[in-house]
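Work out the full structure, taking the sequences as your base and the hints as a guide.
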Amino acid sequence: MPNLEHPAYPAADLLHLESLVPCRESQVSMLLSIFGERQQFSFPSIFIYGHTSSGKTYVMQTLLTTLQLPHVFVNCVEYFTSQFLLEEILSQLQSSSSDAEQTCPVHCDTLNDFVRLFKQAVASRELQDQTLYIVLDRAEQLREMEANILPAFLRLQELTDRNVTVVLLSEIVWELFRPNVQCFEPFTMYFPDYSIGHLQKILSQNHPPEYSADFYSAYINILLGVFYMVCRDLKELRHLAALNFAKYCEPVVRGEANERDTRKLWKNIEPHLKKAMQTVYLREISSSQWERLQHDGGEPGQLKGLSAHTHVELPYYSKFLLIAAYLASYNPVRTDKRFFLKHHGKIRKTNFMKKHEKTSNHLLGPKPFPLDRLLAILYSIVDNRVAPTANIFSQITSLVTLQLLSMVGQNDQLDGPRYKCTVSLDFIRAIAR
Amino acid sequence: GCFVFKPSTKKRRSSEKTAHDFRSRSDDSEDTELRFVTCQSLWNQIKSETEQIQEDLNKQLLDNLVSFLSRSHSEFQEKTTEWTCRMKFREIPTAALVLGVNVTDHDLTFRGLSDVLQDNITPYIALLEAKDCPGIKNLMQKLVGQLMNCDTDVDSLEDEDCVQVSQNRIRCSMSSLISWYENVTKKTDSETPSKKRNSSSRHWQSPPVVVIFKDMESFTTKVLQDFIVISSQHIHELPLVLIFGIATSPMIIHRLLPHSVSSLLCVELFQSLSCKEHLSTIIDKLLLTSRFPFKLGEKVLQVLINIFLYHDFSVQNFIKGFQLCIVEHFYSQPLSVLCCQLVDVKKRVYSLSHDQCENIRRLPSFRRYVEKQESGKQIALLTNDSFLKEETQKLLEDLYVYHENYVSVLRCLHVFTSSLPKYPLGKQIRELHCACLENRVWETEEYESSLQLARMLNKTDLVTMLQQCVEILMSSSGKEFDKTVEKLKEFLTQFQNLEEASQERDVSVSSQKELQKKTDLYHLQKTLLELKESRRSKKLTKFEMLRFEVVDYIDSLVRKYLVPADNRTLHEIVYFNAATVLRGHLNAAPRTALHTALNNPHWYLKNQALKCDGGGISNKAPDICIVYKLHLECGRLINLVDWLEAFSTVVMAAEEPNADAASSDEVDDIIHARFIRAVSELELLGFIKPSKQKTDHVARLTWGGC
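First to last, the sequence lines map onto chains A and B.
Counting from 1, one number per residue, gives the positions in the first sequence under the UniProt record's numbering.
Counting from 1, one number per residue, gives the positions in the second sequence under the UniProt record's numbering.
Honestly, the hints are just simulated from the structure, not real lab data.
Quick reminder that beta carbons are idealized off the backbone N, C-alpha and C, glycines included.
It is possible that part of the hints are untrue.
Below, a sample of chain B positions facing chain A; criterion: calculated Cβ distance under 7 angstroms [unchecked claim]: (1) S218; (2) I228; (3) A589; (4) R591; (5) L594; (6) T596.
Calculated cross-link-like contacts (lysine to aspartate or glutamate; reagent style EDC-like; alpha-carbon spacing at most 16 angstroms) [unchecked claim]: (7) K137/B with D261/A; (8) K222/B with E144/A; (9) K276/B with E313/A; (10) K222/B with E140/A.
Here it is as structure tokens:
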């Protein structure tokens with residue numbers, strides 16, 4: 001295992017850091033060597049990518065805080081406009097420089113202002129000799145801001161002429177970012193997924209104080225055995241581990257088994273975890289409901305999940321409208337005459353059979369249809385006469401707002417609006433009953 | 001909004017003006033003022049009643065929600081440092097509130113909800129609607145604005161502060177929200193107990209911030225995702241609780257949010273009462289009661305129920321329709337002044353004017369009544385006002401008694417019919433009510449078949465039904481039911497006696513046993529045949545006799561009390577029966593109206609000259625009508641030149657019967673201009689649009705185009 005070594009930082013700090021970031025030592029040492037010493041200029045921009053919960057944010061944060069490097073940490077989802085983002089960076093800079101003093105709100109509309117204010121802020125903090133790190137989490141959001149933001153951050157060192165390094169964290173690869181040809185290429189770095197061994201190690205690390213590490217590690221082993229197939233998200237796994245641990249401990253608490261009796265414990269927990277995978281993991285029932293169930297010792301069967309409530313009660317004509325929309329979406333126009341006309345004449349069987357498409361229309365998805373066709377089908381499937389009242393039309397609109405229908409190409413209302421039916425066959429079957 | 005419909009009448013105007021409106025139209029009577037006042041007071045009564053009902057119905061749901069909310073952040077309150085809490089991911093507590101598709105009713109529920117929350121849980125509530133939040137930025141703005149304002153509502157003292165805040169442009173970000181929250185909670189903490197207000201003492205130290213998404217379906221995925229991601233990062237500093245108002249099914253959560261986002265939520269499901277049950281309660285409490293003098297006729301009720309069931313499922317709209325009925329009744333019926341509580345009737349009857357007496361004499365039901373009287377009384381009724389008034393009062397009292405009895409007997413009958421297989425008379429009491437109002441219910445086939453079925457009921461059912469009937473009749477205010485109750489009780493005791501008697505003889509059982517003994521197929525068949533024969537010819541058992549008696553008795557009650565209201569004298573005073581008016585108001589048909597206006601202008605313009613016969617196109621009609629009629633004959637694409645030709649032919653036809661050759665090849669400029677104008681009017685109405693396929697053609701947008 002590569003021990004973290006760097007001449008610029010005390011060995012104790014590095015050791016502590018190493019204990020905090022298990023399974024990410026190589027990445028950390030790589031980063032450290034890029035960062036260099038405190039006053040050395042570093043690479044202008046670093047791009048780190050990797051899958052969800054592969055420790056990007058966590059590693060950066062622990063690295064910067066344990067070594068006490070000056071840094072600014074911003075989440076781009078939270079500061080959704082460039083103005084917010086820039087102002088937030090500046091205000092974090094200011095607040096860390098003068099804690100007691102109430103920071104006045106900064107106004108920063110453009111990048112030009114930002115560079116100017118940034119220089120001021122850096123000067124007031126008196127850290128010209130140290131590298132300042134600006135970490136932009138969820139950097140993929142930057143692409144949706146003004147076109148100059150991303151290139152400017154990549155070259156911030158050059159623009160401000162200060163010792164600053166921008167670190168971009170993202171879940172997608174750099175190729176999807178590259179704004180234009182001339183942009184500065186950052187140093188890209190990949191954080192690979194944790195392997196099952198890694199997960200085991202990390203999860204076992206913080207065991208509850210009441211139980212031994214071995215006991216908890218055995219539990220994690222079982223947990224991973226069940227969940228690793230479907231979920232590799234560390235956060236989620238940790239959450240699930242915490243939720244189900246009480247159940248695992250139950251035999252021990254009752255005195256039926258001791259901590260070493262792994263087989264017995266496994267028998268107890270395994271069906272429980274499987275049930276958890278079908279319910280809590282999918283968020284069919286919430287974790288607090290799950291805990292209450294565990295506490296009361298009830299069966300999860302009595303609590304219906306979210307998807308159990310699929311039935312939607314609709315008014316009479318809404319039902320027919322929806323059915324008509326479904327028919328219009330999935331039947332080709334040329335069959336309308338055959339299906340909905342009383343005297344459609346003879347079906348030319350051979351011809352029809354020959355043309356019959358191999359692929360089911362359900363595989364192709366719903367097709368758009370004009371309003372007139374919807375109404376025509378409606379009139380033919382409803383037994384009694386339907387007057388085209390305002391209520392019928394408003395029902396179509398309400399079906400659109402309920403997302404049961406969707407409007408296609410909503411540029412012009414007058415221009416014969418076209419709709420699509422977005423519900424499934426099962427839904428229609430339930431309604432048609 | 002969806003399923004929206006705005007009742008199109010004069011409501012919510014200033015009261016004086018409405019009173020004036022009442023007078024201006026109904027010139028034939030001077031009771032307008034009184035009618036207006038009666039109408040208002042009646043409506044207020046009904047309104048408060050409906051609000052009460054709705055509150056009661058929502059109580060269960062709201063209680064559940066309140067307990068959920070108070071539970072949701074209890075961990076946050078206690079600040080536990082237990083291992084599980086540390087390890088567990090902090091999810092955002094979320095209530096998924098399934099409210100049904102009647103979106104118009106949701107407002108009321110949400111208002112009730114926020115009131116209850118404000119009283120019990122937290123002052124910090126934000127109500128968000130999808131139409132205000134097309135992007136995350138707008139959402140944050142709305143949220144921050146609402147939260148900070150609601151704070152200022154509570155703290156009216158710190159007005160200067162809030163003005164300052166609004167002046168220097170609040171930064172609508174989560175961090176500003178967090179600092180605001182810290183400030184607010186700190187303030188309530190530091191306040192001395194003496195200064196502590198009433199409201200804050202009911203809430204906890206750090207009350208949760210409740211964000212309500214009124215119409216979850218309409219929010220865009222991105223906005224919701226971003227908001228949830230952002231707020232989940234700050235859940236430790238800002239105890240948020242989300243409430244999703246869902247109209248369809250909770251599946252929408254999974255459809256809108258990917259797993260990575262929905263795993264940040266801790267969703268619990270709450271379901272509101274079904275709107276059909278809601279309607280049943282409303283009908284039960286508003287219509288099937290003698291508390292309110294105003295009644296709905298069968299057709300009107302049918303219209304309202306149909307709109308509810310076929311179109312919108314909205315209880316609000318039903319009540320609005322009911323309100324419209326009240327207004328319309330008091331507005332159009334001069335005698336509605338007598339539609340008041342029984343105590344006031346006497347006074348009002350005696351203060352009727354001569355004109356009003358004439359109005360009474362003109363009522364069809366009264367005429368029928370007069371015809372049945374002997375000649376001396378007939379003359380008195382038709383000539384003597386004071387005699388008429390006396391008689392009217394008596395009749396109105398009769399009508400009142402009829403109502404009381406009607407409702408009780410209707411409920412009894414419903415007890416019977418609602419337990420029959422296949423429900424020949426309907427499952428709901430409203431269906432039965434409609435059937436009874438429509439015509440003599442005992443003459444219908446359904447009634448006949450339900451009686452047949454009732455004659456086959458088993459004993460336990462019958463006894464429980466009879467007991468229910470006794471309860472209903474006992475609780476009713478009608479005075480005539482003493483004897484009926486006695487009779488029913490007698491039936492009950494007879495049943496009881498029967499039970500004792502039947503235990504002694506078990507003839508049929510023994511024959512059954514015999515049957516089990518036989519194994520030979522031939523013998524078995526024979527005995528079965530015998531059994532069948534004997535059963536057919538067997539005299540009715542005592543129980544069956546009694547059952548017949550009971551059913552016959554119920555039948556006699558129905559015949560006596562459930563007479564349709566149309567047959568009652570003076571029913572016009574309290575029954576509103578103008579279904580066509582109501583339908584015109586509530587179930588508008590814009591296409592039909594437009595077509596009528598353009599096809600038959602006489603209908604609206606009332607100009608004799610426009611009265612046309614058959615399919616011919618009159619040249620006296622407005623230009624747009626001519627153009628419209630001509631365009632009906634065309635296909636999807638209309639050639640403008642041909643159209644103009646046809647138009648000018650129609651117009652010229654009458655003006656210059658002896659048209660010269662000169663005018664035929666060159667169209668008059670004025671006619672050309674009129675044509676262009678009419679065509680652009682049609683375009684404005686959305687009948688046609690310019691086509692890109694052919695330059696000198698326009699495309700039809702309406703029927704017949706395809």
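Structure-inconsistent hints, enumerated in ascending order | Result: hints 2, 5, 6 and 7 break, sorted rising.
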